[in-house]
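*Asks:* Please construct the entire structure, taking both the sequences and the accompanying hints into account.
Number of protein chains: 2
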Amino acid sequence: MALIVQKYGGSSVADAEKIKNVARRVAKAKNEGNQVVVVVSAMGDTTDDLIGKALEITDHPDLREFDTLLATGEQQSMAFLAMALRAKGYEAISLSGAQAGITTDTVHSQARILKIDPKRIRKELDKGNIVIVAGFQGISKGEKDITTLGRGGSDTTAVALAAGLNAEICQIYTDVEGVYTADPHLIPGVRKLKDIGYEEMLELASYGARVMHNRAVELGELYNVPILVASSFSDSSGTIICKEASMEVKNKARGIVYDTNVSKVTVVSVPDHPGIAAAIFEPLARANISVDTIVQNASINNITDLTFTIARNDLIKAMSIVEPVVKSVGGKQCVTDSKLAKVSIVGTGMQNTPGYAARMFRVLHEQGINIQLITTSEIRITCIISEDRVKDAVQALHQAFELEKET
Amino acid sequence: MALIVQKYGGSSVADAEKIKNVARRVAKAKNEGNQVVVVVSAMGDTTDDLIGKALEITDHPDLREFDTLLATGEQQSMAFLAMALRAKGYEAISLSGAQAGITTDTVHSQARILKIDPKRIRKELDKGNIVIVAGFQGISKGEKDITTLGRGGSDTTAVALAAGLNAEICQIYTDVEGVYTADPHLIPGVRKLKDIGYEEMLELASYGARVMHNRAVELGELYNVPILVASSFSDSSGTIICKEASMEVKNKARGIVYDTNVSKVTVVSVPDHPGIAAAIFEPLARANISVDTIVQNASINNITDLTFTIARNDLIKAMSIVEPVVKSVGGKQCVTDSKLAKVSIVGTGMQNTPGYAARMFRVLHEQGINIQLITTSEIRITCIISEDRVKDAVQALHQAFELEKET
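Protein chains in written order, with this note's numbering: chain A, -4 to 402; chain B, -4 to 402.
If you are wondering where the hints come from, they were derived from the structure by calculation, not from laboratory data. There could be a bad hint or two in this list.
Claimed, not checked - Cut-off 25 Å, straight-line C-alpha distance, at most; resulting in silico cross-link-like pairs (DSS-like, lysine-lysine):
(1) Lys139/A to Lys48/B
(2) Lys114/B to Lys139/B
(3) Lys118/A to Lys139/B
(4) Lys136/A to Lys114/B
What the hints assert, rightly or not - Covered stretches of chain A, going by a simulated chain B footprint (3 or more residues, C-beta under 8 Å):
(5) 11 to 25
(6) 38 to 51
As the list claims (entries may be wrong) - Quick list of the computed label-pair ranges, beta carbon to beta carbon:
(7) Glu239/A to Arg117/B: 25 to 35 Å
(8) Glu51/B to His180/A: 25 to 35 Å
(9) Asp54/B to Arg107/A: 40 to 50 Å
(10) Glu12/B to His55/A: 12 to 22 Å
(11) Arg107/A to His180/B: 48 to 58 Å
(12) Ser6/A to Glu12/B: 24 to 34 Å
(13) Asn26/A to Val324/B: 30 to 40 Å
These figures come from a predicted structure and were not determined experimentally. We treat Cβ as the ideally placed atom computed from N, Cα and C, and that holds for glycine.
*Replies:* Laid out in structure tokens, this is it:
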């Protein structure tokens, strides 16, 4: 008898019919002889609706109270799913984060899980119950107040429970069919991957693939929990995220991702002396603006240009911070471009294998696409290009690296 | 420094503006130097909406899950109110039933409070916090599952907390201005009572005044908690429910109530032998039908008539049970009348004072109103009359007993 953890996202439990559909899928897993723990998100737009109501009361809701409020969304969907299963004749019980033994730190709205004490879950499983657990929430050490884990928190709950219960697999059911070689909405001919390594998945997610939250993937890697990503609306096989992706990946790029939420700031002609970078980037960090790529040109006569990229919606705020600093250090001006995108190729097979970067640059060159900036990690190469060439770039790279073919 | 418990019902916290209004009232009580504990119901129609959604999933929701679901309504409103108070610069914290130390038995959807452990509430009050507590909910002994107290449960929570905290007063803020001598929507010239005894309030509530739930009044009587009933939308003074109502009540009826949810069943010509009543009323009890008044005529030749009243919406179900029984014991027929109403006069001043009943009958007679049945308690006289004469009856009785005058 295997123990499996399943997680269903908000779109999978959005209304009564969808909850009944989830109940059928859970019942199937139970009928197959498994012990089943199910993690649920809040129904559809519930969380956003609650946030909207809170903002009608105050622009700055107290975070402890905000967590208490948002946690009700998952508490509702877990009760609905337990009702649906019991109505089908299955033994099922719902547990809040607190009841499920999920202890977190006290950082409201962004809490981290400290400990899972699965005593109650084990007891209910041993009684024959299907156990439904509220995702996204826990209880703080000390005061035992309700906390939430931030966006994507239900994925984290599911993987953490799978780790804490030593489950055979954590199945994340969502509204996509799995992980693809590239965005199926952008170009034709993409292929769903059978499996993918944790590191590859992290790079894909960070650079544009919106399949699941990075925290959950990191946790899966840390505790070596195999994670299946599949659709809750079909029976297709999905993608397994695991330690060693299958051997097919040797010497191969595995996926192309892109992100159009990119803008570039170039600070022109600043004096190249120690402290300049700190003077610019420290106030941005204090304003909670994440700076992605930073490039500094070789300096000529102690004058240099400094270029960095940030998320597009941070641009106005960033400029209000950077322009006064640039002036105060004698810089010439700031030039911005907000119509950019990142395109990346990702794959552990690229590690220690020369030639991938060169091939990528050649392909983009052949398409007449200008590369504005380049960044790399061990298993990723990213080029920043004009936003209006993203589709051409992804399509050309997908063909050049033969991603449509299984090896 | 006094400790007061305030309770705001669902209509008082129905939207953001109303929650801000409640925050202003709570802040005022705090500014006056009190320690304040606030009990809130779910916003407006939230509970009914959740019930509706549950019924979309199954006709017979599991009661444990149902409690878990419904408890989210109060958890939301408590968080909203705490946010609103903090946004106004007040220290405030919300506590669920579990966090507030409200332990109940395990009867889901109809739980009774077993114990209040106010440790956390005291701690938060001592820190200077206004403490907002979710009404209607607790946590079961043993499994520590979420329970709810049934309809009117938030009133019960408020009075129980006032008792457990030894509060000076429990203030129930609602959408009525207090307790009136008769229904202000039915007749003109009614008067709001300054105070009323627990027993009188219980009789008024049982016989038609929908001001607050009887369980809460009984609890107030048991622990001698003075209860103020007043409007959350005005500053008028309300009515105090307490042990000794003021001396004005001596020898006086205090209120007239009515209830139109009455139907009558007369079983004609049944043999008058032991066991007949049991044969009729036991199956009704098993079907959860409350029988109110029962009258049996003196028997002639061992044949008698039996009349009883039940709620109107129980009539069809009751007849399907009673008719076969009547036939099987050789009864002649059943006659029903569903267009009846109860009219009652209530007042502890009537106790041990002859003449009230006679006066009531005379007044109804003078109006040409036929009395079909009569029931009494020590402090109440109830006549069952035709529904279409209710208004005339209440108006005439209100005048005859001079209820519009303060003594």
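*Asks:* Does each hint fit the structure? Answer for all of them.
*Replies:* Results of checking the hints against the structure:
1. Lys139/A to Lys48/B: Outside the cut-off at roughly 30 Å; violated.
2. Lys114/B to Lys139/B: holds, 17 Å
3. Lys118/A to Lys139/B: holds, 14 Å
4. Lys136/A to Lys114/B: holds, 18 Å
5. 11 to 25: holds (count 3)
6. 38 to 51: holds (count 4)
7. Glu239/A to Arg117/B: 25 to 35 Å: violated, 56 Å
8. Glu51/B to His180/A: 25 to 35 Å: holds, 32 Å
9. Asp54/B to Arg107/A: 40 to 50 Å: holds, 42 Å
10. Glu12/B to His55/A: 12 to 22 Å: holds, 18 Å
11. Arg107/A to His180/B: 48 to 58 Å: holds, 56 Å
12. Ser6/A to Glu12/B: 24 to 34 Å: Distance hint for Ser6/A, Glu12/B holds at roughly 32 Å.
13. Asn26/A to Val324/B: 30 to 40 Å: violated, 52 Å
Of the numbered hints given earlier, the model fails hints 1, 7 and 13; all others are met.
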